[in-house]
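Visitor: Sequence:
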Amino acid sequence: MARKQHVLGIAVASSLVVAPVIPAHAGSSTAEVPRRTAPTTPAPQPVDRAAGVQKQLKLSLGSKFGGAWVEHGSKVVVATTDAASTAKIKAAGATPKLVKFDARTLDSAHATLNRHARSAPGSVASWYVDAETNRVVVQASSTSAARRFVKASGVDSAKVQIVRSTDRPRPVHDIVGGERYWTTQYGCSVAFSVDGGFLTAGHCGKQGERTEGANRVAQGTFGGSSFPGDDYAWVDTNDQWTPTPKVNKHNGTYQTIRGAVEAPVGTRVCRSGGTTSTQIWCGPIKQRNVTVNYQEGAVSGLISAGICADPGDSGGALFTEEGQAQGITSGTSGTCDNGQDSRDVTYFQPVSEVLQILARNGRELVTEGGGPGPGPGACGEYDSRLTGSLASGGSAYQPSDGYTTTSSGTHTACLDGPDGVDFDLYLQKLNGGTWQTVAYSLSPTPDEVINYNGTAGTYRYRVHAYGGNGDYHFGFSRP
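Numbers -26 to -1, 1 to 453, taken from mature numbering (1 follows the signal peptide of the UniProt record, and there is no 0), label the letters of the sequence shown in order.
Check each hint, because a few of them may be wrong.
Below, computed lysine to aspartate or glutamate pairings styled on EDC-like, alpha-carbon distance capped at 16 Å [to be verified]:
(1) K49 with E106
(2) K71 with E45
(3) K71 with D104
(4) K180 with D210
(5) K403 with D375
Just so you know, these hints were derived from the structure itself, not from any lab.
This structure is a prediction, so every number in the text was calculated from the model and none was measured.
All chains, full assembly: derive it from the sequences and hints.
Guide: The following block contains the structure:
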């Protein structure tokens, strides 16, 4: 029987309202606090380490970076077009692989196909950049139709691998994560709690549509929704509902959500939904930035994972076994009716985009011990504290005029950004009229710590919004 891609809802919704994106504005304020010992940094989890290595090498290799993935649970493989870069990859703790095309070239080809998505025939199921094969993979039930689509787009066929597939994705319709809720027409699933509500799939409902919980008690309304193009939404709940940092594992226990660190391809992740609620379903992340050509329209930027799903699981939670929120269940080409097998693929909207939108209004992912992101006490155990706001890709220099030390010693700093973003921190020293970076912290999270032993001189910190935007708190102590 042909396996079709579809959205996983009890019924299919195609209407949407696009959520507005408002750029953040830079600004800062300062305050002095008593000197205290700087806090220590915990050892990174395996997923964090792999993501950090991937990000570090992507930045340092630049146009020679060919992509990265995880093998055997923890082995990080980094592709490069430059044989001379293999030593740098090994030094970073990864395994190098020489490839023909760099990641930017393949991303550009993928973007070109996205621009021609409306002309994609129904037999074309999806397309994505596959770092392991170093090609843009196009999945289709008709390879000849796929070749015509690629040719019409103008993409060089040498950069494309066409894979025959009977998959036909469709969007998935359906306050602890993974539990059922109801609209006036559909049953969908909760993904993750945010301040004042929860995340779910865009195809589950329109902005303003009312919801009820699994117990049929009035719950809230859709505060924003986007589908197709994206597949995210959030529901603003009433005061009878309390968001929690938990996802139902449907075995009498719950997964506690601790953050939203993006996991690399190959990481084992799990899905929870309201229809397949006898257990959670787990498998590897297969690809990121997948474009899926649903009947209702193409949705780009999705995660694909080797996991099954069924109608009504739409909007449910995808998370790592360490409790990092990853995605919102969008669509599937399989079913859990007879269990899960190697052919099952389900697609997920990454949580980062909608979290960035909500962060503009001070709303955050609800995590263990948390709720809103950095508060007045964030990075408080430092001599100086500052606050600011950054748009994605922007930078701020703190303090703006730098500071001068007359003796050697340790420079310590802490950055605390909002959930779901990737902020980085650099320490720079003035050398002959030029600012040079002497230390940095580049984890794939919103929070960074620097401890640097330096000589006398003039220093400053650069706060960089590598991905996402929002308010941050920053603290530093000088020798």
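Visitor: Determine for every hint whether it applies to the structure shown.
Guide: Okay, the hints, checked on the actual structure:
Distance restraint check for K49 and E106: the Cα-Cα separation of roughly 13 Å lies within the 16 Å cut-off, and the hinted pair is therefore satisfied. For the given pair, K71 sits about 13 Å from E45 by alpha-carbon distance, which is consistent with the 16 Å threshold. For the proposed pair K71 and D104, the alpha carbon gap of about 14 Å is at most 16 Å, so the pair holds. Restraint check for K180 and D210: the C-alpha separation of about 13 Å stays at or below 16 Å, so the hint holds.
Of the supplied pair hints, the one linking K403 and D375 holds, its CA atoms being roughly 12 Å apart against a limit of 16 Å.
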